[in-house]
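Note that the protein sequences, when read in sequence, are chains W and Y.
Everything in the first sequence is counted per my numbering, starting at 4 for the first residue and increasing by one.
Everything in the second sequence is counted per my numbering, starting at 4 for the first residue and increasing by one.
The hints are simulated quantities; they were obtained by calculation from the structure and are not laboratory data.
Any given hint might turn out to be false.
Because identical chains cannot be distinguished in the list, a pair is counted as satisfied if it fits within a single copy or across any two copies.
Derived lysine-lysine pairs resembling PhoX-like cross-links, with alpha carbons at most 20 Å apart [said to hold, decoys possible]:
1) K14 - K50
2) K14 - K231
3) K20 - K353
4) K20 - K231
5) K132 - K304
6) K65 - K14
Number of protein chains: 2
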Amino acid sequence: MLYEINEKALKLESEGKKIIRLNIGDPDLATPNEIIEAAYAAMKKGKTKYSSSYGELSLREKLAEIHGVSADNVVITAGSKWGIFATMYLMLRNGGNVIIPTPYWTAYELTAKTLGAQTKLLRTELDDKWRIDLDKLENLIDKETRMIILNNPNNPTSKVMDPDVLDGIVGIANRKGVTILSDEVYGTIAFVKTKSILEYGDNHILSNGFSKTFTMTGWRIGYIIANKEFVDQLTRLNQITINNVPVFTQEAALKALELQGQLSNAIKEEYQKRAKMASEILKTVLEFTEPEAPFYVFPRKRGLDSERFTLDLLDKGVAVAPGTAFGDYREHFRISLTAPRAEIEAGLDKICEALE
Amino acid sequence: MLYEINEKALKLESEGKKIIRLNIGDPDLATPNEIIEAAYAAMKKGKTKYSSSYGELSLREKLAEIHGVSADNVVITAGSKWGIFATMYLMLRNGGNVIIPTPYWTAYELTAKTLGAQTKLLRTELDDKWRIDLDKLENLIDKETRMIILNNPNNPTSKVMDPDVLDGIVGIANRKGVTILSDEVYGTIAFVKTKSILEYGDNHILSNGFSKTFTMTGWRIGYIIANKEFVDQLTRLNQITINNVPVFTQEAALKALELQGQLSNAIKEEYQKRAKMASEILKTVLEFTEPEAPFYVFPRKRGLDSERFTLDLLDKGVAVAPGTAFGDYREHFRISLTAPRAEIEAGLDKICEALE
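Using the sequences plus the hints, can you model the full thing?
Structure (C-alpha cells):
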C-alpha cells in the first residue's frame, strides 16, 4: 500500500491540494548545488553517451578506496533499488527462498514475490527493541535458503544493528553457506556507528546509494560491492537492462563523494534535530524506539488499524505509511521526517490530534 | 560478442589507443544544447526527487499526442532497453516462447535466455532483401508462443518493413492471439516512411526512445505504449526496479519533443549523407541492402569469419560488430555510421583494405 498512498498523494497534489508528505524517504533538502554543477559541466563536455555497464572507473575507484575494496568489486547501479532487484534476481531466479527480517522495506518482499521466490519472514518486535533472534534465524534456514536480506540501519525503525547480533548473523550465514545482502543505504548518515557487512570479507554483498546521504533520490544512482564474479554477473544483467547510469550522473556522484565530509555532516545534523523534535512530540501518545538513523520513526498505538488511519490522515492533508507496508504491523505506521521542521511539526500535531 | 568488443574497445581507448568506433549505435553528434539546458534548469528548480513510476504526466501527454493515444497508454522507461527487458520479463517469466526474426538486436535473445524463455528464430536473408516469410512465421507459432519481437526499422540491416508484410504479420498474430512487441527506435529518423504497430490498435506494444532521434543515448530514457492494463503492470515493475527516470531527464526529453521537427530533420540529413557515402565505398567489395534508416550497414562477404575479422580489425584500430552478434550470420558484420564523416571514411578504407 506504500506505492498506492504515494501515487494518491501525488495525485492530490497535482489537483492543487496541500499535502504534508511524511510518507516516503525523499528528503525535502535540495541536492547540493556543487553536485548539480558537476552534472551540468559533464553534460556540456559531452558525457551524454553510452558507457560501461560496470560504471565509470573513476567512480568505482573512489568507492573502492572509501570501502577498502578493489574497483573490481564495485558496480554502479541505477539506484540502490535496482542493485537490490538485480541481486535478488540473480540469486533467486532459479528458485529457493530468502529470509527477510521484519519490519522490512516494502520492495524486498514485493521483489521476491515478483520473482516467484518464497519469502521467510523473521519477525522482530518493538518490545525487543527490534533485535533479531539468532535461534529463530538459524531455525528458518533450510536447504533452499539462498539469501538473507539485512537493512542496517533499518527502514522503517531507524534502528542500527547491534554489532554482536550482526556477528552472530554472519556466523550462522557462513556456517550454512547463505549469502547476506546488506542494504546500508542509511549507514553513512546514521547517528551511531554502523558496522558494515564488508568487515566480514567478500562472501556477502553490500548495497548502497547516493540518494539518502546526498539528497540525490531522484537521480537514481547506487552501487553494489561484492566479489568480482558477482560483479561481473550483475554487469551482464546491466548490459541488457539499464545499460549504464548516465555518465554525467556518475560525475555528479563523484563530486558528492569528494565533498562527503562537508555535505553529509550537515545533512546528518539536520536529521538529528528532526528526530529529537519528533521524539519529543510523539512520546506522549505513541510507543517507539528513538531513531538511530535519519528519516523514520515507526511508532505503535495499541488497537490501531493503520491502513484506515493512513487513508483518513491523507484526507486531512498528511501522508504517512501504514505499518502493513512493512510486514504484519497493523498497529504501527511510519513517519518520514523528510519535510522542513515547521511542516513536520504541523504534521505531527495533526497525527497526535487524529489519534486522540 | 557485441558487448565484449565494446568493453575491449573502451579499454584500448582508456589505454590511450585511437579506435575508430563503428561498433555501436552511439552517435558522435552531441546532445543538442537546448536539451542540456532544459535538464540543467530542471535540476536547479529542484526536480531531483523521486517521482511517479509511470513517468511525468506532461511528458506522457506529449507522447500521447504525438502517437495518437491516451496518456494512460504511455509509461516512461529508463532507456528503451529497459522497456524491452521489462516487457519481455512480464510476458515470459511464466514460461512460453518468443519469436524473433533474425538478424536481431543482440539484447532480445540475451534477454530471452536470461529469462529462461525459449526463443524461436525466424531467419531472413540478404538475398530476399531481409523480407519476413509469412508462412514460416505462421508455422513457428505454437500454443506456447507468447510474443513476436519486431524491430522496424531493423538493427543491424537498416531495412524498413514493407507495410504489406507488416499487415500480414499482424493478421497472423491477431488470429493466433500472440502479442507483438515492436521496437521502432529508429522509426522517427528513418529515410523512408515506417508504418507503426500503433496503427493496428492496442493489442500490441510499441517500444521507443530518445537515444537515436535526439542523440541522447547516455541519458537512458525511452517509453512503452500499450493498453492501460499492461502499462499499469509495467509501472508496478518500475516501482521495484528503476523507480523513476530522473525528472530533469524527463524535462530534457520534453524539450527535445518540442524541438523535434527542427532537431531530427538535421540529424536525419546527416545520416543520409553518411549512408550514401558508405554505400559508395563498400559496394565494390561487399554485398548489402542500402540503408533505409540511420546508423547501420550489414554487409556480407562470402567465406568471411566475421568474429576473427572483427578482432583483427580492432587491433588495426577499427571497431565493428561481428554478424554472429545478430544471429547466425558469420559472413556478415555490422558497421555503425556513428562517427564524423572523415573518420567513417578512414574506417571504411581500413575495412576494405583488410578484406582484400
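Status of the hints after comparison with the structure:
no. : hint        : in the structure
1   : K14 - K50   : between (35 Å within a copy, 17 Å between copies)
2   : K14 - K231  : between (43 Å within a copy, 18 Å between copies)
3   : K20 - K353  : within (16 Å within a copy, 64 Å between copies)
4   : K20 - K231  : neither (49 Å within a copy, 26 Å between copies)
5   : K132 - K304 : within (16 Å within a copy, 71 Å between copies)
6   : K65 - K14   : between (40 Å within a copy, 19 Å between copies)
Hint 4 from the list above is the single one not met by this structure.
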